[in-house]
Amino acid sequence: MVDATGPYELIALSAAAAARAIAAGEIDPTELIGAYRARAMADELNCFTWVAPERGPGSGGDIAAGSSPAPGESPLPGTPLGGVPLAVKDLFCTAGVPSQSGSRILEGYEPPYTATAVARLQGAGATLLGKTNQDEFAMGSSNENSAFGPVLNPWDRARVPGGSSGGSAAAVAAGLAPWAVGTDTGGSIRQPAAMCGIVGLKPTYGAVSRYGMIAFASSLDQAGPLTRNVTDAALMLRHMIGRDERDATSLRFPEQIELPRADRLDGVRLGVPAELSSEGIETGVLERFHSALALAQELGATINTDVMLPHAPHGLAAYYVIAPAEASSNLARFDGVRYGLRAGDGQDLVGMYTRTRHDGFGPEVKRRIMLGTYALSAGYYDAYYGRAQRVRTKIVEDFRAAFEEVDFIVSPTTPGVAFELGEKTTDPWSMYLNDALTVPMSLAGIPAISIPCGLSGSSEGKGPVGRGLPVGLQIAGPAFSENRLLDAAYALEQAIGFDSTAAHV
Amino acid sequence: MDVGRGSGRDDVVEYEPVIGLEIHVQLSTRTKMFCGCELSFGEPPNTRTCPVCLGLPGALPVANAKAIHFGLMIGMALESELAPRSIFHRKNYFYPDLPKGYQISQYDEPLCRGGRLADVRVHRVHLEEDAAKLVHVGESGRIHASDASIVDFNRGGTPLAEIVTEPDVRSAEQAGEWLRLLRVTLGRLGVSDVNMEEGSLRCDANISVRPAGSDEMGTKTELKNMNSFRFIERGIKAEVIRQEKLLARGEKVVQETLHFDPSSGRITTLRSKEEAHDYRYFPEPDLVPIAVSEEMLDTARASMPELPLARAERFEHDPSYMLDTEVAKTLAFRTDLGDFLELRRPESPDEARVRANLIINELAPRVGTDVPLADSMVTPDAVVTISGALMRKEISIGGARQAFDILVEEGGDADAIIEREGLMSAEGGDELAAVVEAAIAANEDAAQKIKAGNPKAIGPIVGYVMRETQGRADGGEVTRLVHEQLGV
Amino acid sequence: MIDRDEVLHVARLARLRLSEQEIEPMAAELSSVLDNIAKIEELNLDGVPPTSHVVEVTGRLRADEPHEPLPREVALAQAPAVSDDGFLVPSPQA
Ligand SMILES: [Mg+2]
Ligand SMILES: [Zn+2]
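Protein chains in written order, with this note's numbering: chain B, 1 to 505; chain U, 1 to 488; chain W, 1 to 94.
Be careful, since some hints might not be right.
Okay, the calculated beta carbon distance ranges per label pair [unchecked claim]:
1. Asn36/W / Glu423/B: 15 to 25 Å
2. Asn36/W / Val505/B: 31 to 41 Å
3. Arg230/U / Glu68/W: 39 to 49 Å
4. Asp348/B / Glu43/U: 43 to 53 Å
5. Ile241/U / Asp348/B: 29 to 39 Å
6. Ala310/U / Asp345/B: 55 to 65 Å
7. Gly379/B / Arg230/U: 38 to 48 Å
8. Ala248/U / Asp348/B: 32 to 42 Å
9. Gly34/B / Phe41/U: 32 to 42 Å
10. Met322/U / Glu245/B: 48 to 58 Å
11. Asp298/U / Gly346/B: 26 to 36 Å
Dumping the calculated DSS-like pairs for lysine-lysine here, alpha-carbon to alpha-carbon at most 30 Å [said to hold, decoys possible]:
12. Lys39/W / Lys424/B
13. Lys252/U / Lys224/U
14. Lys39/W / Lys91/U
15. Lys224/U / Lys133/U
16. Lys393/U / Lys451/U
17. Lys91/U / Lys224/U
If you're looking for bench data, these hints aren't it; they were derived computationally from the structure. Note that the Cβ used here is the ideal one computed from N, Cα and C, for glycine as well.
Modelling step: build the complete structure from the supplied sequences, incorporating the hints.
Take a look at the structure:
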């Protein structure tokens with residue numbers, strides 16, 4: 001029985017529980033939306049870049065998606081999600097609502113259409129609560145590269161929430177939103193989910209339409225859920241997936257996404273490749289990882305430590321060629337002509353271009369544009385881009401071979417827990433190392449989920465007073481194995497018993 | 001086709017031009033290459049756009065199946081090898097008419113490779129998207145003095161097929177003639193409006209010269225965006241002469257991109273090699289490879305009409321036609337003329353020849369090019385009637401002309417018109433011979449001059465015959481009879 | 001190593017103005033990242049085909065059917081400068 005009298009009880013409901021309670025007439029979706037709206041408005045972590053007004057903003061209709069309800073507007077009753085509020089990463093285009101991918105170059109930009117993934121969730125009854133902060137154009141692992149300023153980690157406000165979906169992850173962890181949509185290019189859902197103690201799922205590449213996602217690296221970008229638990233992740237994914245005629249790379253998912261119910265892992269073969277579970281990983285993280293493995297064995301899983309991903313250690317290098325290369329091209333459209341910022345008026349054309357892009361892009365975005373342009377330029381293509389695409393082939397083959405031996409690959413999600421603001425901003429590669437354990441799956445296009453597997457003790461001397469910091473467990477499966485992946489994650493989640501509401505503000 | 005040689009003067013080295021052509025063809029699909037916006041035909045600016053063709057953040061391209069179908073038809077017409085799998089690349093450069101900062105084009109895996117049309121080999125055919133239109137504004141209106149431009153994205157994203165030839169062309173005239181053949185071929189396929197003035201067919205030429213007989217390739221220049229056959233021929237001619245003069249003076253040709261100004265005849269530099277673009281091509285990650293299925297090939301094959309070149313061959317060698325090469329070409333290259341001829345099967349090659357000449361010389365000029373012949377007032381039967389009457393010498397060519405004047409205006413039955421207007425010739429050859437005899441008798445002077453070897457003196461005699469027969473005598477026949485009777 | 005001239009060349013290709021103070025740090029940062037990337041040079045990748053699409057699908061073509069275009073005022077609404085129903089830009093030839 002749900003006591004729906006006070007806002008705290010409303011906030012305590014997971015998204016799936018709230019949707020059930022709405023359907024049963026036990027809570028009023030308007031009250032739920034109002035409670036979250038109040039919390040989002042009072043956000044002290046800088047999670048939100050825009051919060052929906054109480055009523056629809058009246059600023060433009062949704063031309064492309066047509067039927068989805070306006071932001072803040074109550075959905076039709078009887079929809080599967082019944083009006084449960086949804087936080088959406090800034091880089092999703094939302095009609096008539098600011099969508100600037102954390103960048104100054106899109107200051108004030110309001111797209112004329114809504115991204116397919118968001119429109120589908122709205123169509124299923126989700127209410128747009130607000131847009132969340134992120135690293136500029138999703139380039140970063142700390143959310144420090146945002147035109148809106150950094151996001152603070154609700155577990156310790158001196159620390160980063162991870163990135164690039166940092167605002168989405170922190171908002172869910174702090175209870176400012178029941179759930180959020182993020183995007184993952186090299187770990188941008190899984191890594192902040194791990195650092196904020198919540199669940200983050202990167203689906204199989206192509207499972208969710210990319211139409212309307214402001215692109216970072218097209219061959220890697222994939223939208224997915226950031227939620228308090230595995231059930232919510234499954235519920236959101238169910239309403240996001242599917243072939244979209246407007247995205248040629250989107251795929252028809254072979255089956256419906258089911259809500260997970262497994263409580264055992266009998267016969268499940270977990271692979272623990274040395275390449276993803278030894279070098280450069282904090283001991284506090286490894287401790288939690290190994291206790292999660294022990295729990296998995298208690299649930300009936302077998303652990304295979306012989307399985308190998310020999311090219312995974314080269315994933316980071318390949319990723320930091322491919323992603324910047326694609327980004328350098330994707331970001332060429334920001335030229336001051338059709339939308340967004342224009343600087344250098346009164347100059348010649350080249351002056352207008354170069355000043356607009358100088359003033360509009362932050363340092364990390366510039367760095368990656370430079371890196372990507374260099375990697376594609378005459379004389380370097382084969383050495384960098386061509387080679388990286390071949391490494392990618394080897395990584396795809398590694399996973400294919402591994403999945404002959406095991407059902408899932410498991411590893412820590414990140415090499416370390418949330419780090420302090422400013423700690424890694426001076427050396428780009430030290431920041432990039434955060435993605436070392438997540439990029440191989442991105443390059444292979446396979447699904448991977450991060451679930452909290454406990455708190456790292458203060459053995460590193462970095463934990464906040466009184467409690468440790470969340471550690472993420474990553475589970476990856478073959479393409480389209482989402483249902484099995486969610487089941488395994490759910491069984492482990494129940495056994496681990498992590499409280500994802502512990503950091504609620 | 002004639003293979004022209006360099007300008008041959010005895011006192012200088014003879015040079016041979018080596019020319020390759022690149023032709024951009026706007027395809028006449030209903031919608032754009034990568035979005036569902038309809039193609040624009042002079043609509044108000046920026047009324048045919050969407051997130052995709054404006055390059056809005058988050059928008060993604062999806063390739064138009066019809067454009068690929070047209071690409072396959074072009075490949076078949078050019079006898080290309082059709083790639084079972086081809087991919088799109090991004091060609092990266094900044095320009096205000098290019099909304100995404102890259103053009104989606106095909107690069108090293110094009111839809112069609114190799115091929116040939118008449119005497120020129122085809123290197124490749126690939127698909128890509130057109131740029132938007134830039135309108136220059138400013139005080140003077142001249143391009144170089146304008147200080148601002150306005151972008152209209154209506155044209156942006158129009159599907160293009162780019163046809164690249166091997167450097168097989170050896171003269172400006174050959175280039176012009178080949179492009180005309182390409183144009184009628186594409187027009188016959190129905191894949192494009194092939195209107196050069198409106199930009200649906202645009203041509204660049206890569207030009208170099210080398211000493212005649214040499215196998216080496218000289219440094220080439222690229223002459224950009226010529227939008228009429230006349231400009232192309234003049235532009236190439238001017239550039240060949242410019243290069244020949246440079247080489248003759250012992251100077252070097254610089255690799256650069258050039259612009260030919262048809263009004264001044266001058267060639268100016270657009271871009272030198274140092275400023276050349278670095279396009280940073282890479283496979284377009286937003287699109288998946290094109291796989292050409294058997295079904296797509298069957299559909300394309302079924303859509304292939306008889307091509308102008310094949311039709312010209314048939315008109316020339318088919319026993320029912322046996323037309324002269326030029327006549328056959330003229331009929332085949334203007335589809336409506338050829339169709340009009342073929343609507344009634346000729347009785348004999350002679351009849352085919354007479355009818356073909358009537359269609360080309362009498363009917364087509366009277367009807368004009370605004371409507372196809374089939375849509376004119378004149379029926380194929382009327383042409384059959386007139387050609388029959390001509391062959392039986394029942395009417396003269398002059399009579400036939402008068403009949404066509406009336407038919408084009410009013411239509412109707414040709415026999416009835418010949419009857420009504422009294423166009424019948426004066427009963428066959430004997431009667432005409434008598435008139436000619438009378439004409440010679442009346443013009444002794446002229447007859448003496450003809451006998452003395454001055455054929456031009458025939459004028460007054462023919463004039464006399466025409467007056468007597470009210471223009472119904474056949475001029476050729478009169479001349480023949482005059483010569484016969486004078487024994488020359 | 002990537003030097004100052006290369007940085008300027010790449011910045012020109014990318015239409016990115018770099019202030020004088022930004023050039024040297026950019027050269028240093030790119031060099032350090034490229035050093036780390038250089039590790040993939042050790043791999044033997046002979047005969048390995050490149051992967052540009054992990055999704056192994058082909059076709060995905062669109063029927064040649066028109067959709068509603070954006071109203072012009074919507075198309076132009078976000079533009080920094082507009083004139084005569086078009087997007088106003090400094091002339092490329094100026
Ligand atoms: Mg081209
Ligand atoms: Zn469009």
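Quiz prompt | Cβ distance range 38 to 48 Å for Gly379/B and Arg230/U, holds or violated | solution = Holds, since Gly379/B and Arg230/U (Cβ atoms, about 41 Å apart) stay within the stated range.
Exercise. For Met322/U and Glu245/B, compare the CB-CB distance with the range 48 to 58 Å and indicate the outcome.
Key: Holds, at about 55 Å.
Practice problem: Would you check the hint for Lys252/U and Lys224/U, treating anything up to 30 Å between C-alpha atoms as holding? | Solution: With a Cα-Cα distance of about 21 Å, the restraint between Lys252/U and Lys224/U holds, given a limit of 30 Å.
Quiz item: Would the pair Lys91/U and Lys224/U pass a check requiring their Cα atoms to be no farther apart than 30 Å?
Solution: holds (18 Å)
Quiz item: Would the pair Lys39/W and Lys91/U pass a check requiring their Cα atoms to be no farther apart than 30 Å?
Solution: Answer holds: Lys39/W to Lys91/U is near 28 Å, not above 30 Å.
Self-check item: Outcome for the supplied range 39 to 49 Å, where the beta carbon pair is Arg230/U and Glu68/W
Solution: holds (41 Å)
Quiz item: Is Lys224/U close enough to Lys133/U, meaning Cα to Cα at most 30 Å?
Solution: Holds. Lys224/U to Lys133/U sits at ~16 Å (cutoff 30 Å).
Quiz item: If you draw a straight line from the CA of Lys393/U to the CA of Lys451/U, is it 30 Å or shorter?
Solution: holds (28 Å)
Practice problem: Can you let me know if the beta-carbon spacing of Ala248/U and Asp348/B is within 32 to 42 Å? | Solution: At roughly 39 Å between Cβ atoms, Asp348/B and Ala248/U fall inside 32 to 42 Å, so the hint holds.
Quiz item: How does the Cβ-Cβ distance of Ala310/U and Asp345/B compare with 55 to 65 Å: does it lie in that range?
Solution: Once the Cβ atoms are compared, 58 Å apart, the range 55 to 65 Å for Asp345/B and Ala310/U holds.
Quiz item: Does the Cβ-Cβ separation between Asp348/B and Glu43/U fall within 43 to 53 Å?
Solution: violated (30 Å)
Quiz item: When you take the CB atoms of Ile241/U and Asp348/B, is the distance between them in 29 to 39 Å?
Solution: holds (35 Å)
Going down the numbered hints, you'll see the structure goes against 4, 9, 11, while the others check out.
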